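Turn these sequences into a full structure, and let the hints guide you.
Heads up: the protein sequence lines correspond to chains A, B, C, D, E and F, in order. So the first sequence is numbered by the numbering used here: it starts at 283 and just counts up by one. So the second sequence is numbered by the numbering used here: it starts at 283 and just counts up by one. So the third sequence is numbered by the numbering used here: it starts at 283 and just counts up by one. So the fourth sequence is numbered by the numbering used here: it starts at 283 and just counts up by one. So the fifth sequence is numbered by the numbering used here: it starts at 283 and just counts up by one. So the sixth sequence is numbered by the numbering used here: it starts at 283 and just counts up by one.
Keep in mind that the hints were calculated from the coordinates and are not lab data. Quantities reported herein were computed from a predicted structural model and do not represent experimental measurements. Please note that a few of the clues may not be correct.
The list makes no distinction among identical chains, and a pair is therefore deemed to hold if it is satisfied within one copy or across any two copies.
[As the list claims (entries may be wrong)] Once the Cα atoms are required to be at most 20 Å apart in a straight line, the calculated PhoX-like pairs of lysine-lysine come out as:
#1 K470 - K516
#2 K343 - K365
#3 K371 - K382
#4 K343 - K456
#5 K382 - K456
#6 K456 - K486
#7 K486 - K516
#8 K470 - K371
#9 K470 - K343
#10 K470 - K365
Here are the chains, one letter per residue:
6 protein chains.
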Amino acid sequence: MMNKNVQTFLACDADYDVADTVLFGVPFDGTTSFRPGTRFGPSAIRNQSFGIETYSPYCGKDLADCRIFDGGDLELPFGNTEKALALTKSYTASVLADGKRFVMLGGEHLITLGAIRAVAELYPELEVIHLDAHTDLRDQYIGESLSHATVMRRVWELIGDGRLHQFGIRSGEKEEFEFAGQHTDMHKFDTQGFSHTIACLEGKPVYLSLDLDVLDPSIFCGTGTPEAGGLSFKELLETILQLHRLNIVGCDINELSPHYDQSGSSTAVACLLTREILLQIIK
Amino acid sequence: MMNKNVQTFLACDADYDVADTVLFGVPFDGTTSFRPGTRFGPSAIRNQSFGIETYSPYCGKDLADCRIFDGGDLELPFGNTEKALALTKSYTASVLADGKRFVMLGGEHLITLGAIRAVAELYPELEVIHLDAHTDLRDQYIGESLSHATVMRRVWELIGDGRLHQFGIRSGEKEEFEFAGQHTDMHKFDTQGFSHTIACLEGKPVYLSLDLDVLDPSIFCGTGTPEAGGLSFKELLETILQLHRLNIVGCDINELSPHYDQSGSSTAVACLLTREILLQIIK
Amino acid sequence: MMNKNVQTFLACDADYDVADTVLFGVPFDGTTSFRPGTRFGPSAIRNQSFGIETYSPYCGKDLADCRIFDGGDLELPFGNTEKALALTKSYTASVLADGKRFVMLGGEHLITLGAIRAVAELYPELEVIHLDAHTDLRDQYIGESLSHATVMRRVWELIGDGRLHQFGIRSGEKEEFEFAGQHTDMHKFDTQGFSHTIACLEGKPVYLSLDLDVLDPSIFCGTGTPEAGGLSFKELLETILQLHRLNIVGCDINELSPHYDQSGSSTAVACLLTREILLQIIK
Amino acid sequence: MMNKNVQTFLACDADYDVADTVLFGVPFDGTTSFRPGTRFGPSAIRNQSFGIETYSPYCGKDLADCRIFDGGDLELPFGNTEKALALTKSYTASVLADGKRFVMLGGEHLITLGAIRAVAELYPELEVIHLDAHTDLRDQYIGESLSHATVMRRVWELIGDGRLHQFGIRSGEKEEFEFAGQHTDMHKFDTQGFSHTIACLEGKPVYLSLDLDVLDPSIFCGTGTPEAGGLSFKELLETILQLHRLNIVGCDINELSPHYDQSGSSTAVACLLTREILLQIIK
Amino acid sequence: MMNKNVQTFLACDADYDVADTVLFGVPFDGTTSFRPGTRFGPSAIRNQSFGIETYSPYCGKDLADCRIFDGGDLELPFGNTEKALALTKSYTASVLADGKRFVMLGGEHLITLGAIRAVAELYPELEVIHLDAHTDLRDQYIGESLSHATVMRRVWELIGDGRLHQFGIRSGEKEEFEFAGQHTDMHKFDTQGFSHTIACLEGKPVYLSLDLDVLDPSIFCGTGTPEAGGLSFKELLETILQLHRLNIVGCDINELSPHYDQSGSSTAVACLLTREILLQIIK
Amino acid sequence: MMNKNVQTFLACDADYDVADTVLFGVPFDGTTSFRPGTRFGPSAIRNQSFGIETYSPYCGKDLADCRIFDGGDLELPFGNTEKALALTKSYTASVLADGKRFVMLGGEHLITLGAIRAVAELYPELEVIHLDAHTDLRDQYIGESLSHATVMRRVWELIGDGRLHQFGIRSGEKEEFEFAGQHTDMHKFDTQGFSHTIACLEGKPVYLSLDLDVLDPSIFCGTGTPEAGGLSFKELLETILQLHRLNIVGCDINELSPHYDQSGSSTAVACLLTREILLQIIK
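Given below as structure tokens:
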């Protein structure tokens, strides 16, 4: 009767040893230039996950039937970006070394770099699917090379030309769009071509990075830099429901900023997407 | 000049005796498990109704031409679920006994049971249309049989197989969906088949239960348990604009939780739907 | 190094003399009947404009390549409607006299009258495009002839029959819709027919009045009188992307009320539309 | 059973004819220069009054034993300051003509002028007690003579030198403080001297104007122009508990702006003060 | 490295078996009549406890040196008041049976009855210290005998005359104050006499019930029924710092409603008081 | 007429060259561990400063008579703490080199280190007055030596024993209080001894660091880490009104976090204190 107060995402209560999938949070928002607060994202997702069900009527599967460990949030230093990335890489690497998949909850988008540094070492042929409103392809941002606005440029440096598949992009500098034209597989505005990309990537190791601001602010206002003209929930859901065809070795869901989500509906969206992504990537 | 401070929904200022339709509120949220606050729904709808017009450009009718009595809110005990349902049934029964239709404003969804207990006694052949994100078909919820999560199971016990027509459902336990497969007429995710249902129900006594969370959170974030993937406003409006073909003997509009509606836009949606439903059901 | 703290809309930092376009704010909400606060609109748009980019992937142009002067906000008396309109007219007239175009940020919709009083003097053949949820065609409102609810009736008195092209209208009194049937070119509910109107107006002097509540509250909740059933962002964007075909001599963007925009996403929408409109009207 | 939905301040449900005291609201904020919203004050006070008791342990009296009529809110035009004042004066005059006292709920402070125009006609020897953070003694404000910032200058013009007793004042222009030194009985910062003033005014007709921002923002943050350094609740309460010694012929309680009172505690303070003032002025 | 995500109040991370004190939450607000939300109190206190230190400069002790088990929140049914009280009593009784003290975090004030039902069985000579703005001595409230407004009447029935020591009381019906005059030791408005009470109770088993609304709303706005005129933080702190002289066998801290605490400062106050009370009652 | 939109703190509109005092903002919150947002502090203070007057009835002086330049906010990189401090030091040094005093608006408390690095180079005998709720004397915080929680330890390293005069301190680790006992002049809980300190420091170069959370949360809730038991506004004001006796060569006002100040009253407090400090330090 006298149990400890363990808090996990909905039904993700397996022990680490038996789990095949690890969920963990990286509450980092240190390079956020406009409105900070994504550090509160992971705990908001856990807390509000009890407002949805474990069963998905979309794919007919149930989280209660899975073996997922929720490792809580990494404890990070404040004001030291490099160290935060190093801790993220280290945790990710140990999960991979134990033969498990992972879903990382952000935090700001830069955390993706920490995870991919670990994943790309293990999988040199890594392909990355990037759903986002923003290009994130700047080389520098206000003099810094490590930033939410440069993260995909840094990822490209790790994986090389043609392996970064971007969808939903509708904001960036002119130079970033030109860079994308030469180096990445960018699909502007929506998810046209996603099925084709899925077909091409079957069998390869794939990392999925979902910046939730790819959604239209009508359905996802709880983020630091809302950009109108995004995907509807159903468009994004259709995309996610194809992911079981891929070998997703790791993924992240980032940029929920709960302070801008007074109603909790953005957090509810993030919870639902987390559930669906978990159900898709678990074999 | 020195009038009392009477507050009604937009233009619903007829005297009870001459009214053919009664609007009333049931500010009950006693079984809400996640985030309470629907008790404030009816008064929010009344207060904000003055932000919309009495005239509908959708159906060309005007509330100012109708005879509707707004009876205010029932006064309920707190912490006593059975008594709240009994008071709701009693008020409903007396309205029906006086030969009037009613629109009940919630409050949480359980209040539907109070109203249908009265309606089903008068109309043993009652058919129920249920618009909702959630199945609400659990038999028990945390050990309780009376709950917002069990309300439609209780309604089914009153009206029997095949008479519960559910639309927009996208959340529930696996067992609830299986139960629906055997006992109710469930249409998952959207309103496909609604016109056919309308055609089948013409001439029969019909009760309409509208849980506003059937709408997508993009247009209706002001509710305790937002569930992504719902109806757009226009989809729901098209559905409602068909209701004049039916004999609606009573209906409810529930689950607005104004504290999660910082902008007031969910409340504005509830006001508009209340106007359109009133204009549809009045003969 | 020690510069003054000049605040402008994104990249609108040209000097007045060299600018061909002037942006200015009119922080007036004196006749707002329901929920005031649009006075805070212009400064919210300026502050949050740094959350978007200067480059538009929609039209391929960049604000950084334009010469736009941001004149800040007019200083207005409080409680004196006529004087506020006179100051608005006077500022507008002087901009026009200097041979420049303008984009005026509201404030409530009545400010349109101040600007059009100046524009219509200069362009007697003026055509007006009006995007709005509301008819705004009352003759009087609570005994007043100058009101956000009467503004387009006053505009019609200035420009005459057939020159007021209304789109997206879905709220008003029965009499207003009847008036529109006789005197204005009203397109109810959506933007059907907009391309045709564009074709007809090519070459003529055109004023554009954009009441942001023409958008659906799902994407634009930050306004005093949200009205469900409106345009999606993409519908409105498609409309705006046609404006370069016209000779827009002045325009306004009004009714953002930041206090009802907790997440800032409505303000982000207003910023993006301001950018796109500027890029469309500049030759 | 089927009663109309009458809303009054706590227990103020007497009929007009038998009442000796009238409570009414003036939801006007048309000259508010900084942050509007006091128009919502009266209804917030009524709605939240049910969170306090009718009985006062401070004076041992009970509102349930009084005969008070709550007349609701005046219906005012928007954008027409003079007309709003005229309507306020007219209502006040008719209440006085019927031999009743009144408590007027604001709304912004300018409404005091409307009421005092009526009261001063009936009582040429009127004395005014003014509790406020601000001098309100400007002659003009942004070119206007009717403003929340000029209201006590206008009152002084009506009642003359030495009859305006100001307490708690801690904000104004240098010129206003100098004006006060010559023409009013100003007590800066606190309520020192209040008992003496009470003693001097016994037997005379007195009007009380309570601008709630006289309170420190710690206990009353829900106002448009909070000014630190104000009265504690207990200091103000002690002041009010002396009012039964006077012949208060009318009074107002103004400047609650509920949108800045997220917790409702400022509104609770306004409710309690309204109760105590009513209990003090009723004979 | 891969630990479970255990969440406790600041440093309360001892195992149950070695702990001498148990902290637990009762997230119940089922009889709240005005504004619900105290169910979110315990988790808000845990989450925000990391904003304060474990060390107290007031008493020189440190939570890190104590052995406290945080048992998380009880899982309660919704809408069934009697069952919630029974579960609270049962948990409390088992903690006492294991020879431990407890601090219970509410939730609404009614939960005190559940705990005292267990404590009073073990300690028939129990004395109760009750800090509150409200009398809570009604016999019935809207027809119910179990309510936040009747809880201390029910407690009095258990412990008898003269054993209920009430401080800070400033709101109630006239009849409640009269009842207190005959049956309880009530100190109105403040904590005068507290030291004397402490002296009288030394050596006896004492239960402390702290309704946080005893504090003035200036320092504690985050509660459902704020009542002006309360204790300052320092007044309450001085009271608490005397508690080590007593034998506190159990206590509760209740009525934090985080939704009315936008800034988090009320929650910070609750955290600090929880720390100080823990440090006082631990021997 | 067509002026640029320059935004300054109330009346601080002198040109840099003629100014004797410089106001500037440092919108940095990169090491904030709990709740970020102080980056928005300086602009909130500027915007809301127009809600107060330029004239102080406390000291009889007027900002309109002073020559103060408002330099706006420093543009800082995100995620690079050292560079932010270097930019702060550089700006401060150039202001000092031009023979001017400064008031720096934070941002988080760490920015004090940037400024004092410049000031201490110029004034080796520098004394520092530190008003704060927190000791800020940790040597490391989560492995970092540059943090809001270590800032005063770093300052002590620059200025040495006995030159750091701390007031209002009521939160810290046991070790920090012990460190203070040996190395700083710490006054716990309140401002007792402040007049004596003033007397001792007359004639010496003094830096003032005001962490606004030294105030009680009742009057200043708008901060990331509210700590109950603080100074009242009047206590702090009395302290500040003695500053004219000192030679203040620079000062900062930090830790306003506007997102936690829904009502704006904390920002109003910050504005008033900024005005009073400016009026005190200008000769």
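Just pull the numbers of the violated hints for me, sorted ascending. 2, 5, 6, 7, 8, 10
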